[in-house]
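Asker: Please build the complete structure, drawing on both the sequences and the hints.
As you go down the protein sequences, you meet chains A and B in turn. For the first sequence, counting from 1, position 66 maps to 66 in full-length UniProt numbering; every step adds exactly one. For the second sequence, counting from 1, position 157 maps to 157 in full-length UniProt numbering; every step adds exactly one.
For the record, the hints were derived by calculation from the structure and aren't laboratory data. Accuracy of the hints is not assured; some may be wrong.
The list treats identical chains as one, so a pair stands whether inside a single copy or across any two.
Below are the EDC-like pairs computed for lysine to aspartate or glutamate, each with C-alpha atoms no more than 16 Å apart in a straight line [unchecked claim]: (1) Lys-146 x Asp-58; (2) Lys-256 x Glu-276; (3) Lys-25 x Asp-51; (4) Lys-279 x Asp-266; (5) Lys-146 x Glu-177; (6) Lys-146 x Asp-111; (7) Lys-81 x Glu-149; (8) Lys-241 x Glu-177; (9) Lys-35 x Glu-112; (10) Lys-241 x Glu-210; (11) Lys-35 x Glu-9.
Fair warning: this is a prediction, and the values are worked out from it, not measured in the lab.
Number of protein chains: 2
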Amino acid sequence: MNNDSFFTEIWTPEGSAFSLEIEEKLHEEQSEFQKIEIYRTRHWGNLMVLDGCYMVTDRDNFLYHEMMTHPVLFTHTNPRKVVVIGGGDCGALKEVLKHPNVTEAWQVEIDERVTRLSEQYFPDLCSSNSDPRAHFYFGDGIQWIKDAEPGSIDIIIVDSTDPVGPAEGLFNKAFFETCLRALGDNGILVQQSESPLFHSQTIIRDMIAEMRQAGFCHFQTLPFPQPIYPSGWWSCTMASKNVSVNEFRYDHAQEKVFATHYYNADLHRGAMALPEFMKRDLEQ
Amino acid sequence: MNNDSFFTEIWTPEGSAFSLEIEEKLHEEQSEFQKIEIYRTRHWGNLMVLDGCYMVTDRDNFLYHEMMTHPVLFTHTNPRKVVVIGGGDCGALKEVLKHPNVTEAWQVEIDERVTRLSEQYFPDLCSSNSDPRAHFYFGDGIQWIKDAEPGSIDIIIVDSTDPVGPAEGLFNKAFFETCLRALGDNGILVQQSESPLFHSQTIIRDMIAEMRQAGFCHFQTLPFPQPIYPSGWWSCTMASKNVSVNEFRYDHAQEKVFATHYYNADLHRGAMALPEFMKRDLEQ
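Answerer: The following block contains the structure:
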């Protein structure tokens, strides 16, 4: 496409690409960890790009952020302490804080610049950052989980970039073992798990195998639409040692005391029904 | 994207675009109705493009074709005569013919060249074309439905292009009235209904209003992923006059005698759970 007014991300291994029409580049910097670009798009609000990869737009981030949080929070019987690893745009944190039973929510992001720029360019995602229950740590999430008191966390949400580069260490057995130790008996881990179409036989299956080797026993992958990510179709995967992740507090979800744009109780139940090919690939 | 090895469709009103890497242009012609291009892509098999718009690839058409057919066929109590309006690539017809209770399946496509090229370049989609229950008519679908014997059809599947140009007449009250007259008492219409993200407040809502004015009473929109279509997220909408389209033959779907790649009974039930914003927009 010979059109400089579009920002394009090419997904080389799949031979596909997605573009958004740009009105203005609002910011660009090389942080300690990655290249960060912020654009104002024509129809999708603001856009954040990390190392050339789409991260978040105003228009469609609700799909990802709601599905990374509300299913796991309504699956845990009583989530009080929740930790987001990554998630520097604060969108997951904001959704977590909608749950009144949460008493302590941490965002552990390696790159403080992502959060500072999000405060500036995505104020809606950061609208709960001053909630007294919100805590921020900028540093290595793997080490933070390692240092956490065993059994002290109810839910770990891994809201990371792709499993290459900085986030590679968030997709292996060693990391999942430290998560399991940090979680309480009824604790649940949820991890963004890439594209159902592209990665069911690779990243998703391999990740679940690593989780299993680390001691997790119950799994549930939840697909959801996400237009700006490769294939426009994304997923997260819940894992626990002791509690089922195929059941959830349906009545509480149905009577939730906060507004959502995508999530509801029936949609949560519906998302648990995997396509035929995923059932075959994942044997869930 | 300054890369001639990609075919790109720009979705101008939404300021977004999708591209697939091309290895070779296999065919191009201007038919009586539209420009038809066939490409061999690098990772998505063959691709058909009509008037510059993505129509079908080998890799992801199963999502669309399965969702346009199996939900409605398992919703009707006993579908015997099924008509596809459009659907010249024969993919919907192939899925319809998987149902053993179907005795007569028509494909009514305005552009015979689409079907002839599909036979050549998408042989898998055309693998049931010689089924003795399969019938083909190449001509105007609106007139064909008008001429059909009243009450003679169990299911009408409108597998059309976007509601501009040739397919515009497939989205209004006049067409839906002729559909209603052609359908039996328990008859069901299903129509491709564009993107949940882009069109819930426009095309989908307007189309349902036209269906309602034509005499249809029950509606169910089903969202599903479709990477090559705008936003990567698509939908179809079922409509009937007398029978519920929120219930279906779950047991039959669960014990279906044919293989699918996406569809299954639980996924069908799950797809009926609309996102919060769609429930608000459509008041279903």
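Asker: Give a verdict on every hint.
Answerer: Each hint tested on the structure:
{"no.": "1", "hint": "Lys-146 x Asp-58", "verdict": "neither (33 Å within a copy, 46 Å between copies)"}
{"no.": "2", "hint": "Lys-256 x Glu-276", "verdict": "between (31 Å within a copy, 12 Å between copies)"}
{"no.": "3", "hint": "Lys-25 x Asp-51", "verdict": "within (15 Å within a copy, 32 Å between copies)"}
{"no.": "4", "hint": "Lys-279 x Asp-266", "verdict": "between (20 Å within a copy, 12 Å between copies)"}
{"no.": "5", "hint": "Lys-146 x Glu-177", "verdict": "within (9 Å within a copy, 65 Å between copies)"}
{"no.": "6", "hint": "Lys-146 x Asp-111", "verdict": "neither (19 Å within a copy, 63 Å between copies)"}
{"no.": "7", "hint": "Lys-81 x Glu-149", "verdict": "within (12 Å within a copy, 65 Å between copies)"}
{"no.": "8", "hint": "Lys-241 x Glu-177", "verdict": "within (11 Å within a copy, 56 Å between copies)"}
{"no.": "9", "hint": "Lys-35 x Glu-112", "verdict": "within (13 Å within a copy, 51 Å between copies)"}
{"no.": "10", "hint": "Lys-241 x Glu-210", "verdict": "within (13 Å within a copy, 51 Å between copies)"}
{"no.": "11", "hint": "Lys-35 x Glu-9", "verdict": "within (14 Å within a copy, 28 Å between copies)"}
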